[in-house]
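Sequence order for the protein chains is L and B. For what it's worth, the UniProt record's numbering labels the leading residue of the first sequence as 1, then goes sequentially. For what it's worth, the UniProt record's numbering labels the leading residue of the second sequence as 1, then goes sequentially.
To be clear, the hints were calculated from the coordinates, so they are not data collected in a lab. Be a bit skeptical, because a hint or two may be false.
To be verified - Straight-line C-alpha distance at most 20 Å; calculated SDA-like pairs for lysine to any residue:
| id | chain 1 | residue 1 | chain 2 | residue 2 |
| --- | --- | --- | --- | --- |
| 1 | B | K399 | L | I83 |
| 2 | L | K219 | B | I225 |
| 3 | L | K422 | B | I225 |
| 4 | L | K390 | B | E326 |
| 5 | L | K13 | B | E326 |
| 6 | B | K390 | L | R267 |
| 7 | L | K219 | B | P162 |
| 8 | B | K169 | L | E407 |
| 9 | L | K422 | B | G408 |
| 10 | B | K399 | L | K13 |
| 11 | L | K422 | B | K169 |
| 12 | L | K13 | B | G227 |
| 13 | B | K422 | L | R279 |
| 14 | B | K399 | L | N314 |
| 15 | B | K219 | L | P228 |
| 16 | L | K13 | B | G344 |
| 17 | L | K219 | B | E326 |
| 18 | L | K425 | B | E242 |
| 19 | L | K399 | B | P162 |
| 20 | B | K219 | L | Q214 |
| 21 | L | K219 | B | G344 |
| 22 | B | K219 | L | N314 |
| 23 | L | K219 | B | K13 |
| 24 | B | K219 | L | E223 |
| 25 | L | K422 | B | E278 |
| 26 | B | K219 | L | Y20 |
| 27 | B | K399 | L | E170 |
| 28 | B | K219 | L | T257 |
| 29 | L | K292 | B | P162 |
| 30 | B | K425 | L | E242 |
| 31 | B | K399 | L | N69 |
| 32 | B | K422 | L | L283 |
| 33 | B | K13 | L | P228 |
| 34 | L | K22 | L | S11 |
2 protein chains.
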Amino acid sequence: MIRIVEAKDFSLKREEAEPYEKEREIVLDIIQHIRQHGDEALRAFTRQFDGVDLQNFRVPEDAFANAYNRVSPEFVAALRDAIANIRRYHEAQRRQSYMMIDEEGTTLGQLVRPLHRVGVYVPGGTAAYPSTVLMNVIPALVAGVPEIAAVTPPDKEGNVNPGVLVALKELGVTEVYRVGGAQAIAALAYGTETIRPVDKIVGPGNIYVALAKQAVFGKVSIESIAGPSDILVVADHTADPEYVAADLLSQAEHGETSPAILVTPSRELAEQAARALERQLTLLPRREMTEKAIRNMGAVVVTSDLEEAVEIANRVAPEHLELLVENPDDWIGRIVNAGAIFVGSYSTEPVGDYYCGTNHVLPTEGTARFSSPLNVDDFLKKTSFIRYSKQALLTHGHKIITLAEAEGLGAHANAIRIRLDKEGK
Amino acid sequence: MIRIVEAKDFSLKREEAEPYEKEREIVLDIIQHIRQHGDEALRAFTRQFDGVDLQNFRVPEDAFANAYNRVSPEFVAALRDAIANIRRYHEAQRRQSYMMIDEEGTTLGQLVRPLHRVGVYVPGGTAAYPSTVLMNVIPALVAGVPEIAAVTPPDKEGNVNPGVLVALKELGVTEVYRVGGAQAIAALAYGTETIRPVDKIVGPGNIYVALAKQAVFGKVSIESIAGPSDILVVADHTADPEYVAADLLSQAEHGETSPAILVTPSRELAEQAARALERQLTLLPRREMTEKAIRNMGAVVVTSDLEEAVEIANRVAPEHLELLVENPDDWIGRIVNAGAIFVGSYSTEPVGDYYCGTNHVLPTEGTARFSSPLNVDDFLKKTSFIRYSKQALLTHGHKIITLAEAEGLGAHANAIRIRLDKEGK
């Protein structure tokens, strides 16, 4: 079922994004309405798209308590351990401001400070993932963002997913609104009577949410728009084919367009993993979609050696890269393009999705060439600080004039000269 | 000429960006042609837009030597001092990878590594600014980017600005192509026979360059698209009105849409600065454009106290903020939204544009609320590293299964379970 190809015949065809013209028009229209009519429009769209008439968007206090009754104690315990791990990992990303003072008395610095207010979009329905809450909120908390507001679509009774509410509550985020879709993004960006505008919006969503985030980008900041999730496994003859198959399937179940690729110099492993994958697939709950993903975007690539396998990995620049080889340390440093590198038999990708501490918001669609996992820096901003001394200006002012005049910027030169003149220089 | 208003009557009207539909169509067409026809299309567009027929795009070795003969020794000396200052300031921004090992034997880490190849756009003609080269290239060099290529449009003889060439040469960037406009951006993003594709494109340009950068965003990374440059001066009665006026004018000369705003509780300073501005303006080389900027976007805002002045500053979130007050240290910490803060009489904004060491690529149009000056981080990428231990998986695996199953992701749970089963857990 999964195709097995030689390295020379392999190229990953990622589909070019559709233009989504119709959807874009709808989204722009929704944003316009929210900007003009605020809560009233938000109420109307929630009626239209979510099928519920809400007087108040804010999730009430008692909904959080109720949510705990609807999840298992094991779930809460596991969530708390995950939170502790994710917090610990991200705390190492904290930044310091710096300053430098020189002998002329000039102080230069870079102030590093948190964003003031961040909005987190949490999908609802069948894609309501508590883990999404952890991964988007914790880096903001660690950065020191003082205000975090969450939005998530309600069901027809006006309720939101209990797992999501528990996750938010565990993190201390209780400013939660029962709104979803493009209208929720517009409300976060421009504000309504109920929802104050934010500085940045993060979190995944469907195509309407993605297009709305693109449309409000500039008015607010956004993290990147995620494409289909992907995995690439680099393995040799020492890898367990059952593990390889299970790990490929764990990404494939995300959707029909999710690439799942094994690259190996071992033809034996290639064939064993392909058979194991077919066998395991029959037992999976999301079998149909997962099978489609494997048929569309799955591949087993047989290379002449590990060198070539790593080359292919760097070309693909996968979101998740698993390294299941005899001597991983010989190869880790050569993997330059990957969102996350999972090393060894026990580092299966779901470990990172849920639990170990790293962030699961990772660069997709080959953007690991230039992008990073979501991290604390995404919730910080920097400001340059300049206190130039009189001595410095008198000593170096003429050079600044030279540079400004070389660019024909006379008023820039004048701002220096007027000071030198006053000091009799 | 510059309007003087009370705080309650002031609001900064930034114009909403035009849709630029016609220009966008032209740009998409250019990109399409470059993708399909490579150098041949690049040659044709250079003939069409720059009026010169080029066989080779690469700037030849001897052009650099010639460029030094066309600039003054004072210019080269000033440039070298500026380079040393900018390098020193940015070196403090270097990042380290980190790793954490726990008692169960799990290693987590974040690898911080430079982008591999960066393209720098340098405008030509009357807007050819050597300082732009320094500000865009030095952070990339400090980050450790191994390949930096520059593009800049040629004149009708096929030559490029000597100041720009000298700046590039001083920084060791000798892979320079004589191409400009949207066609240069397309070539950097997609590659041609001559120009290999890059991972990130930085640098300012006209509307065609800006639209082209937007269009290739996703295929490559870009820094933000700059809007009109702006300045806001917070000053009290101790400020020198001549300095204030000169500094407002130094930003206004950037273009008709550049806001230049004084906010002060001192009506006397307001009036003196307005008169000084009118007087200084008559002496400036770019008088006409500067005057238009002041009439369009200039303002002197009189507030009831400094508290209110700082509030307005935070609302405007200026690119450049000057603080010319008696006790600046009482106020610096309250300025939360600004690209760069210049403190005191000698910290005129051109000091930062050219020389002191901070970057002059700063967040415009109020984006200082969530954006940062160009810095070394813009040329680094991070990769998560996970080596989960067998003991950790055996101990915590069941929690990961709980979390995955709560989200209905059975293949994720299976990837853990298959390992626990094998180990007899």
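Evaluation of the provided hints:
1. B:K399 x L:I83: Satisfied, since the Cα-Cα distance of roughly 12 Å is no more than 20 Å.
2. L:K219 x B:I225: This hinted pair holds, its Cα atoms lying about 13 Å apart.
3. L:K422 x B:I225: Given pair L:K422, B:I225 is violated - Cα atoms ~38 Å apart, limit 20 Å.
4. L:K390 x B:E326: Holds. L:K390 to B:E326 sits at ~16 Å (cutoff 20 Å).
5. L:K13 x B:E326: violated, 63 Å
6. B:K390 x L:R267: violated, 27 Å
7. L:K219 x B:P162: violated, 38 Å
8. B:K169 x L:E407: holds, 18 Å
9. L:K422 x B:G408: Given pair L:K422, B:G408 is violated - Cα atoms ~73 Å apart, limit 20 Å.
10. B:K399 x L:K13: violated, 36 Å
11. L:K422 x B:K169: Distance of about 37 Å is beyond 20 Å: violated.
12. L:K13 x B:G227: It is violated: about 36 Å lies between the C-alpha atoms, which goes past 20 Å.
13. B:K422 x L:R279: holds, 16 Å
14. B:K399 x L:N314: It is violated: about 32 Å lies between the C-alpha atoms, which goes past 20 Å.
15. B:K219 x L:P228: Within the cut-off at roughly 15 Å; holds.
16. L:K13 x B:G344: Roughly 57 Å between the alpha carbons, so the hint for L:K13 and B:G344 is violated.
17. L:K219 x B:E326: Given that 20 Å is the threshold and the Cα spacing comes to 35 Å, the pair is violated.
18. L:K425 x B:E242: holds, 17 Å
19. L:K399 x B:P162: Within the cut-off at roughly 18 Å; holds.
20. B:K219 x L:Q214: The given pair, whose Cα atoms are some 16 Å apart, holds under the 20 Å limit.
21. L:K219 x B:G344: Violated, at roughly 31 Å.
22. B:K219 x L:N314: Roughly 16 Å between the alpha carbons, so the hint for B:K219 and L:N314 holds.
23. L:K219 x B:K13: holds, 14 Å
24. B:K219 x L:E223: holds, 16 Å
25. L:K422 x B:E278: holds, 19 Å
26. B:K219 x L:Y20: Within the cut-off at roughly 18 Å; holds.
27. B:K399 x L:E170: Given pair B:K399, L:E170 holds - Cα atoms ~17 Å apart, limit 20 Å.
28. B:K219 x L:T257: holds, 18 Å
29. L:K292 x B:P162: Distance ~58 Å between L:K292 and B:P162 Cα, so the pair is violated.
30. B:K425 x L:E242: With Cα atoms ~17 Å apart, B:K425 and L:E242 stay inside 20 Å; holds.
31. B:K399 x L:N69: holds, 19 Å
32. B:K422 x L:L283: It holds: about 17 Å lies between the C-alpha atoms, which stays within 20 Å.
33. B:K13 x L:P228: violated, 40 Å
34. L:K22 x L:S11: violated, 31 Å
The earlier numbered hints that this structure contradicts are 3, 5, 6, 7, 9, 10, 11, 12, 14, 16, 17, 21, 29, 33 and 34.
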